[in-house]
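There are 2 protein chains.
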Amino acid sequence: MKICGVIAEYNPFHNGHLYHLKEARKQTGADVIIVVMSGNFLQRGEPAISDKWSRAKVALQNGADIVIELPVDFSVQPADYFAEGAVSILNSLNCDVLCFGSEDGDSQAFEKAADLYVKHESELDKLFKTTHQKNQTYAHNFNEVLSTYFSNFPLDLSLPNNILGFAYAKEIRKHKYPMAIKTVSRLNSQYHDRDLDSQQSIASATAIRAALIKQDSTVQELKRFAPAGTIDSLESRPVVSWNDFFPYLNYQITLLPTEELRNMYMMETGLEYRFKEKISTAFNMEELLEKVKTKQLTWVSLQRICFHILMNNSRESMSVRMGKIDAVRLLGFTSAGQAYINQSKSKFTVQLISNVNKKTATMLAQDIRAGNLYRLAEKSRIDDQDFYTKPINFIDIKDLN
Amino acid sequence: MKICGVIAEYNPFHNGHLYHLKEARKQTGADVIIVVMSGNFLQRGEPAISDKWSRAKVALQNGADIVIELPVDFSVQPADYFAEGAVSILNSLNCDVLCFGSEDGDSQAFEKAADLYVKHESELDKLFKTTHQKNQTYAHNFNEVLSTYFSNFPLDLSLPNNILGFAYAKEIRKHKYPMAIKTVSRLNSQYHDRDLDSQQSIASATAIRAALIKQDSTVQELKRFAPAGTIDSLESRPVVSWNDFFPYLNYQITLLPTEELRNMYMMETGLEYRFKEKISTAFNMEELLEKVKTKQLTWVSLQRICFHILMNNSRESMSVRMGKIDAVRLLGFTSAGQAYINQSKSKFTVQLISNVNKKTATMLAQDIRAGNLYRLAEKSRIDDQDFYTKPINFIDIKDLN
Chain P
325 MKICGVIAEY NPFHNGHLYH LKEARKQTGA DVIIVVMSGN FLQRGEPAIS DKWSRAKVAL
385 QNGADIVIEL PVDFSVQPAD YFAEGAVSIL NSLNCDVLCF GSEDGDSQAF EKAADLYVKH
445 ESELDKLFKT THQKNQTYAH NFNEVLSTYF SNFPLDLSLP NNILGFAYAK EIRKHKYPMA
505 IKTVSRLNSQ YHDRDLDSQQ SIASATAIRA ALIKQDSTVQ ELKRFAPAGT IDSLESRPVV
565 SWNDFFPYLN YQITLLPTEE LRNMYMMETG LEYRFKEKIS TAFNMEELLE KVKTKQLTWV
625 SLQRICFHIL MNNSRESMSV RMGKIDAVRL LGFTSAGQAY INQSKSKFTV QLISNVNKKT
685 ATMLAQDIRA GNLYRLAEKS RIDDQDFYTK PINFIDIKDL N
Chain F
325 MKICGVIAEY NPFHNGHLYH LKEARKQTGA DVIIVVMSGN FLQRGEPAIS DKWSRAKVAL
385 QNGADIVIEL PVDFSVQPAD YFAEGAVSIL NSLNCDVLCF GSEDGDSQAF EKAADLYVKH
445 ESELDKLFKT THQKNQTYAH NFNEVLSTYF SNFPLDLSLP NNILGFAYAK EIRKHKYPMA
505 IKTVSRLNSQ YHDRDLDSQQ SIASATAIRA ALIKQDSTVQ ELKRFAPAGT IDSLESRPVV
565 SWNDFFPYLN YQITLLPTEE LRNMYMMETG LEYRFKEKIS TAFNMEELLE KVKTKQLTWV
625 SLQRICFHIL MNNSRESMSV RMGKIDAVRL LGFTSAGQAY INQSKSKFTV QLISNVNKKT
685 ATMLAQDIRA GNLYRLAEKS RIDDQDFYTK PINFIDIKDL N
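Protein sequences, first through last, are from chains P and F. Heads up: the first sequence is residues 325 to 725, going by my numbering. Heads up: the second sequence is residues 325 to 725, going by my numbering.
In case anyone wonders, no lab produced these hints; they're calculated from the structure. Fair warning: there could be bad hints in the mix.
For each label pair, taking beta carbons as the anchor points, the in silico distance ranges come out as [unchecked claim]:
#1 P:707 to F:598: 16 to 24 Å
#2 P:462 to F:708: 30 to 38 Å
#3 F:639 to P:620: 54 to 62 Å
Beta carbons: idealized from backbone N, C-alpha and C, even for Gly.
Isolated chain P, as found in the complex (with noise of 0.2 Å):
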């Protein structure tokens, strides 16, 4: 029995995310695909534009067989925390290939580069240490150091895409996972592409977002380039963004004082600072982000330490969580998916959580408070997330819509 495993955010789910699929059991000619998804908050350090539940619901209409939650620890990260976590559940669930999409398409690329990498970790990081500038971002100094060190390195790392997929092969060659690598081409829109090409199919997950946040797209000319079961779950709910959630950071960071502030996990040095000061004149999010930026500091980054900031999650509290992955949950399933789980969940070094209650409340503690922040955006129309809600089972999936 061949297991795929796959990481995603589905922000929303679209065209070249069921092409992904479609290649993944192609091509690995995997039984069953296990997505590891992030939950209501995403890597880039952004609410999802709909809840966990539907977006899941939509990668069970679409190929995947088995949807998990990548813990929100985990999941608004940069790259290497958040490869840490996705690639670690897909190895305590035994996949045996793990495959994503990227610009480069060589998947021997990604395992050269990953071996080189690992081989070389003391002597980059020390060339890192020396070289990097200060008022650059990191991944320009990595770059760097990658670029000095090695006269060929077999991988792009300015691509959005590679960096992740590297960061994939790295964890796996770092632990020796016994996982095989497969990267997908992607197809026609560049990561980043902000406008809908309406003579294609597939748009990029930004241009997609982007057009449903201005509103200056209606949900059905997006169409052409998302299922069904996107197309359903927009309309019959609120899209959120940062901006929902705006008030509450504006409250949070008027309310504590600069040294919790300080200690919040991620924050730069000085920058609480330019927080306190700058709160009092800004009325949204772009507003603040552009007030306090500086040079070294990208918007990615801003945005998750504002995350940080809204869940109030301390550097201590962070690095006593920062561990191993013990518990995850299990946001749905088909009948391929259901039979492995029972087939083979003895062998499983993780545990996969299906119903919240007092005990299971305690390990998942995070991913439900997160939850319960994202229904802030209106209360009124997102469900509960966590306590009153049970993984979907794809046979029920047809009276859900």
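Dock chain F against the given chain P, drawing on the hints supplied.
What follows is chain F alone, placed relative to chain P:
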């Protein structure tokens, strides 16, 4: 030189307050009237209808010579703590006489009641502990003790202004402050009258607020009940109520783990679970309080607890701060007030702070936090409360109008 102290909230300042200030000056023959006024959050656990500066200005226009902010740690409190803070400030500023409004109107009755109470305090405490009923409010139990112990207690402590006045008299007696008592009978309106009577020129602040918040009266219709300054102030600023802060309270209750909610100042045992459970289905302040309310908790105590949640006031942090008041914010003065301050400040035992800077900000940290949170009701329309605001000088008032 005769200095008269007054303790007030002016929420908003109305004709009853005007009458009180006139009578205070007349009956005590005061050269200077010092008002200690609650800032942005008030004794009943509510935000003020308009900010502390606009209310201080109206007080100066209508008879006060000096307006001092009662620190928020003492303003949002049951009568005893409220009185402790306010009376101690007036004593530190060398007031000769305290003048307050009451239902009773007999100054000697207050002095006699305070004397009786202080002399028998330990026996009364003992009796309270053995007889108090858990499903009754504190006020009810306290009155039961007084009527059991004294056959003919000189004050009716079921009336709200008598309760406050008694608390002031007790403080004076307990600390042997060299301060006389003068009480002025309230005119016409009862403290809690909820309706405006168009045949009268005196209405309760409760009725005025209710009319403003429900927006069934325009500010102009209130002209009969309040001086011009109040009308101007209400017309130029948003009318603030608890519902403006409900989103932040909602967020905070959702965010904080039960064990942190439990540590909030004044949180009753077990109430933290009710807050956590009920918040997910409450969509405004009234709904939330209706859902968490129990028989032994008054609406007012619940509002105070909500305020402490909003301010993140833990039991520990409050107990550290609830000692002697070292510094208070000076909100404004007339020329007579200024002359008194200049002449007597070397004898004051509390520091009057005119300007908030790095050093004084530490002393006023809680009031500054409360002011910043207060602005969140409508940040674009409520001015900075502390860092950029100087005391009102009566000479400038005409220009400010």
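Violated constraints from the hint list, given by number and in increasing order: Violated: hint 3 alone.
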